[in-house]
Amino acid sequence: DGGITQSPKYLFRKEGQNVTLSCEQNLNHDAMYWYRQDPGQGLRLIYYSQIVNDFQKGDIAEGYSVSREKKESFPLTVTSAQKNPTAFYLCASSTERTGEQYFGPGTRLTVT
Amino acid sequence: QKEVEQNSGPLSVPEGAIASLNCTYSDRGSQSFFWYRQYSGKSPELIMSIYSNGDKEDGRFTAQLNKASQYVSLLIRDSQPSDSATYLCATLRLYNFNKFYFGSGTKLNVKP
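Quick mapping for you: the protein sequence lines, in order, are chains A and B. Reading the first sequence from the start, the letters are residues 1 to 112 in the numbering used here. Reading the second sequence from the start, the letters are residues 1 to 112 in the numbering used here.
Wrong hints could be hidden among the right ones.
[Unchecked claim] Okay, derived cross-link-like pairs now, DSBU-like style, lysine-lysine, Cα gap no bigger than 30 Å in a straight line:
#1 A:K57 x B:K42
#2 B:K42 x A:K9
#3 A:K70 x A:K57
#4 A:K83 x B:K99
#5 B:K67 x B:K107
[As the list claims (entries may be wrong)] From the derived model, a few chain A residues whose C-beta atoms are all more than 12 Å from chain B:
#6 P8
#7 T79
#8 N84
[As the list claims (entries may be wrong)] Stretches of chain A that chain B covers, calculated by requiring three or more beta carbons in the stretch to come under 8 Å of a beta carbon on chain B:
#9 40-53
#10 97-111
Hints listed in this document are in silico derivations from the structure and should not be mistaken for laboratory results. Computed from a prediction, not measured in an experiment: that's the story for all the values here. Here a beta-carbon is modelled for each residue, glycine too, at the ideal position from N, C-alpha and C.
Please model the complete structure; the sequences and the hints are all you need to start from.
In structure tokens, the structure reads:
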């Protein structure tokens with residue numbers, strides 16, 4: 001069963017703590033992405049990676065970090081430097097053949 | 001100016017009618033175009049891809065692309081209440097192959 005998995009579905013943290021969101025795909029896609037979505041808003045790109053061991057900052061990278069050590073995995077760390085971390089976080093991957101991008105189910109992070 | 005513009009809606013149509021969703025984009029280098037459906041609280045789901053001028057039909061959905069006018073549309077025939085969702089338009093730029101630009105989405109309400 002091919003797809004993108006994100007865990008956990010819901011995450012609660014105290015302010016000042018770093019937290020890592022998991023994203024795994026078995027679609028054999030080279031490119032992977034992290035987006036943030038706030039209530040009633042569109043998607044904002046945090047980081048993207050086109051190949052293993054390489055990634056680029058998106059539009060709102062401050063306060064976030066990523067790694068891409070394996071093709072299948074692209075974890076996102078939300079650091080304490082991120083001022084407003086409460087949001088819906090979406091991981092995606094895309095195929096270079098068609099350019100189509102597919103999303104995981106998302107992680108809803110609440111920081112209090 | 002935003003890369004991709006959509007009317008936020010809500011667009012209300014009666015059940016059985018045709019819903020017409022529109023999107024404009026600013027970069028003539030955009031070569032691939034996508035429509036996503038996002039139900040409340042869920043992640044976006046790819047429903048249509050279009051790459052060349054003209055119409056592309058898939059079941060009740062028709063995507064239309066006019067590159068000269070930098071305009072993409074999605075028609076939903078025989079609209080059903082289950083079509084009620086937010087529809088996101090996305091583009092992929094030619095010279096930065098893997099970076100996507102999303103509109104903020106149009107909320108569609110189909111009334112029984």
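Would you list, in rising numerical order, the hints stated earlier that this structure does not obey?
The structure breaks none of the hints.
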